[in-house]
Amino acid sequence: MKTVLNEQNRRNFVAQVESMLHDKLSKCYQCGKCSAGCPVNFEMDYTPNQIIKMTELGMEDTVLNSKTIWLCVSCNTCSTRCPKGFEVTGIMDVLREIAERKGITSKTEKEVQMFHEVFLENVKSHGRIFELELVGKYKLKTKHLFRDMFLAPKMLEKGKLKMHGETISNLNQIAKIFKDFE
Amino acid sequence: MSRIGVFVCWCGSNIASTVDVEKVREEAAKIPGVVSAVDYKYMCSDPGQNSLRNVIKEKNLTGVVLAACSPHMHENTFRKAAVKEGLNPYFVEIANIREQVSWVHEDKERATAKAVDLMKMMVEKVKRDKPIEDVRVPLNKKALVIGGGISGIQAALDIANGGVEVILVEKEPSIGGRMIQLDETFPTLDCSSCIMTPKMVEVNQHPNIKLYTYSEIEDVSGYIGNFKVKIKKKARSVVEKDCTGCGECWNACPMHKNVKSEFNINLSERTAIYVPFPQAVPLVPVLDRSVCLHFKKGGKCQKCFDACGPKCIDFSMQDEIIEETVGAIVAATGYDLMETSMYGEYGYGKYKDVVSGLQFERLLSASGPTEGVIKRPSDGKTPQTIVFVQCVGSRDPEKGVPYCSKVCCMYTAKHAKLFAHKVHGSQSYVFYIDIRATSKGYEEFVRGTMEQDGAVYLRGRVSKIYEDNGKLIVKGADTLSGNQVEIAADMVVLATGVIPKKGSDKLAQMLGISYDKYGFLTESHPKLRPAESSTAGIFLAGMAQGPRDIPESVVSGSAAASKILGLFSKSEYEVEGTISSVNEATCVACFYCQRVCAYNAISRKEIKDRNGSVVKVVANVNPGLCTGCGACVNACFSKSIDVKGFMDDQIYAEIKSLAI
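Sequences listed follow chains Z and X, in order.
So for the first sequence, our numbering puts the first residue at 1; every next one is plus one.
So for the second sequence, our numbering puts the first residue at 1; every next one is plus one.
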């Protein structure tokens with residue numbers, strides 16, 4: 001892939017990411033330990049260290065449209081093991097956020113993106129997760145109504161799916177967090 | 001009749017577990033001429049050495065054979081013990097039955113047989129040993145340092161401070177070398193001229209240092225302790241002792257702005273009569289006759305002569321040959337930067353704003369052509385974006401050299417850092433293959449350039465640079481993200497690789513020291529004798545040996561100096577007596593030996609009769625140069641050369657002993 005570096009755009013993008021990340025991209029050694037240990041690396045189109053480098057080079061379109069940022073499960077293996085203490089998981093969060101704000105829809109990982117949206121809605125309305133509602137809404141949105149259906153009885157048996165959702169007492173606080181963020 | 005003592009060492013269980021030492025002793029006792037054969041657990045121990053001495057004394061031995069470990073280990077120990085009993089040290093021979101037998105074999109019976117064989121060979125050898133005296137060479141306690149860069153200066157100062165006279169020869173009009181061309185130095189960013197000029201001045205004022213600038217080595221002959229050196233002092237056209245360095249002459253020179261300055265690497269101009277830089281040592285100008293109007297236009301112009309107050313300009317000055325005799329030499333000839341013309345794709349020479357690392361150094365320097373303000377050569381504008389390309393010439397076996405030039409990673413990081421400090425809001429990009437930052441504080445320095453000074457590092461090489469709309473378009477790769485990258489830059493700096501100074505190979509030939517295929521001078525041993533050349537009395541320092549940075553150059557200069565001071569601390573230089581000797585009666589003067597000698601140790605000798613007419617010409621071995629390698633012995637057609645201690649009859653006797 002050919003990239004023509006535009007100095008001003010690059011600086012703007014790096015500044016945006018770094019201010020949200022509270023970390024410096026130039027810190028990265030490019031040693032690849034994050035990619036070496038990433039449990040979902042095999043599905044990614046770019047390895048985590050490539051995402052960091054491309055962000056530093058200002059390759060905004062490439063990183064925001066990558067599969068990687070949506071496939072990251074935020075397990076934090078990378079950040080925990082990073083020799084420079086770089087926020088590798090954090091950069092995925094930041095890039096997802098920028099993509100979301102820009103209204104970029106992932107072409108390949110729509111469902112992951114939808115899950116994130118449903119998840120946040122759920123938190124917004126209850127202050128915590130109501131799994132049954134989350135599952136329901138996610139299935140309606142993705143139209144995969146019967147996928148993973150057989151997991152439901154097991155989860156019910158183990159008490160992982162509650163029939164009634166709980167709402168926290170002070171929803172205002174949650175609303176404030178969302179408002180501050182926006 | 002020989003009276004030989006054989007001593008078989010057990011070396012604890014090292015030898016005894018694999019070799020039947022008693023059997024070896026018994027076999028030794030059977031050999032005619034062996035009057036004593038003993039075995040002992042540790043021959044090198046004090047009791048072991050004492051028993052050796054006692055037997056020599058009691059049995060009045062004429063030779064000793066130790067069947068023990070490698071001669072590298074204890075030959076000296078046993079020789080010293082033998083000398084105390086009045087035996088010539090070369091009457092002690094070692095049969096190595098540890099490294100060559102017990103440590104490398106398993107079958108005890110066969111190992112024992114081999115040990116017996118080795119012991120027998122040495123007994124036959126020692127029977128034919130003749131006393132050898134070590135050679136003593138007188139020392140002229142004066143040193144020559146070739147090259148007035150940082151390592152040469154360091155060597156000269158250290159030797160001079162040790163109380164020894166030094167002659168320092170520099171080819172350029174001023175000492176200072178490459179280091180004085182640098183701006184600030186990694187990783188501490190101290191200003192190069194601030195730390196260099198005091199040393200240069202010290203050299204000039206030191207009572208023990210005789211300084212020849214604008215001078216070259218014309219010829220070197222002789223050997224350790226007694227080198228005869230011819231120094232060509234090129235005609236400066238200025239009388240050094242009268243010149244005050246006032247500058248009237250170069251101000252008056254009409255060749256102003258016409259000649260490219262070598263010191264500023266073509267980035268500025270100089271006059272025909274000039275000092276390379278204001279802090280030059282000595283501050284005496286040189287008249288460049290190849291461009292001077294006086295010499296080109298038949299003596300019409302003499303403006304400098306008219307302007308000169310003390311009238312020290314001498315158009316008729318001639319090259320002068322000075323002869324000196326020195327005891328030791330330091331070769332510190334330094335380095336050049338590679339030409340980059342083979343990289344047409346980088347456009348060096350075609351685009352003015354593609355510069356070399358050393359040129360950028362001059363652009364950064366306060367004493368440089370832009371007085372430290374970074375301006376690009378094409379239009380004098382301050383660049384905002386600079387692309388640095390590392391490994392230009394280095395690590396390129398196809399077009400350049402395969403080795404790493406070692407300093408480029410660091411000086412590029414320094415350039416990017418200084419650029420960020422001098423031009424706020426600027427941006428630098430560095431294309432690299434690997435970052436090599438291994439000395440103290442270096443890694444942190446490079447990380448600082450990336451993390452604090454915002455240089456963007458791209459792992460990959462640049463493929464092409466071309467001009468487009470006033471910008472230099474750099475096409476490179478970032479292999480870490482797998483992208484082709486294109487950057488529009490205002491200026492490009494090529495981190496050109498390091499090669500040996502032009503002509504250092506010729507000097508090496510003159511000195512009779514070895515150099516590698518690139519022309520770097522080679523050490524006697526790459527690890528354990530890094531300051532010594534292959535020739536005794538000649539030492540090496542600085543980049544002449546290979547790429548290295550300032551601290552390493554200083555260390556190597558000091559190392560060479562301490563070697564010389566150590567050498568000069570004795571009244572004579574002692575050489576092992578096992579060197580070649582010529583049988584003058586049979587020598588046919590074919591001088592094939594001279595051609596194979598790697599140490600220039602063989603010369604022609606004329607044998608004269610009492611009337612002074614030449615009777616015969618023969619080969620002659622210089623004991624100061626001969627290392628006893630034996631190449632001449634093999635080359636001699638008339639079997640007239642032998643290495644003492646390894647004479648033909650001894651070798652034949654050793655071989656014959658195996659047939660008995």
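Treat the hints with caution; some may be incorrect.
Straight-line alpha carbon distances no greater than 27 Å define the calculated DSS-like cross-link-like pairs of lysine-lysine that follow [unchecked claim]:
1) K475(X) with K27(Z)
2) K2(Z) with K406(X)
3) K406(X) with K27(Z)
4) K27(Z) with K199(X)
5) K108(X) with K27(Z)
6) K656(X) with K108(X)
7) K2(Z) with K350(X)
8) K199(X) with K24(Z)
9) K199(X) with K2(Z)
10) K440(X) with K84(Z)
11) K440(X) with K199(X)
By construction, these hints were calculated from the structure, which means they are not laboratory data.
Please read these numbers as outputs of a predicted model, since none were measured by experiment.
> Taking only the CA atoms, is the gap from K108(X) to K27(Z) under or equal to 27 Å?
Replying inline: Distance of about 62 Å is beyond 27 Å: violated.
> CA of K199(X) to CA of K2(Z), is that 27 Å or under?
Replying inline: violated (51 Å)
> Does K350(X) lie within 27 Å of K2(Z) when you go C-alpha to C-alpha?
Replying inline: Given that 27 Å is the threshold and the Cα spacing comes to 26 Å, the pair holds.
> Are K440(X) and K199(X) close enough, with their CA atoms no more than 27 Å apart?
Replying inline: Holds, at roughly 23 Å.
> Can the restraint linking K27(Z) and K199(X) be considered satisfied, given a maximum Cα separation of 27 Å?
Replying inline: Judged against 27 Å, a Cα distance of about 39 Å means the pair is violated.
>> Given the hinted pair K406(X) and K27(Z), is their Cα-Cα distance within 27 Å?
In response: Measuring from Cα to Cα gives roughly 24 Å; hence the hint holds.
>> For a C-alpha distance cap of 27 Å, please report whether K475(X) and K27(Z) respect it.
In response: holds (25 Å)
> Is the hinted pair K2(Z) and K406(X) satisfied, with a Cα-Cα distance of at most 27 Å?
Replying inline: Violated, because 31 Å separates the two Cα atoms, which is more than 27 Å.
> Quick one, are K440(X) and K84(Z) close enough, alpha carbons at most 27 Å?
Replying inline: holds (20 Å)
> Does K24(Z) lie within 27 Å of K199(X) when you go C-alpha to C-alpha?
Replying inline: violated (42 Å)
>> For a C-alpha distance cap of 27 Å, please report whether K656(X) and K108(X) respect it.
In response: Holds - the C-alpha atoms of K108(X) and K656(X) are around 24 Å apart, at most 27 Å.
The structure fails to meet hints 2, 4, 5, 8 and 9 from the earlier list, while all remaining hints are met.
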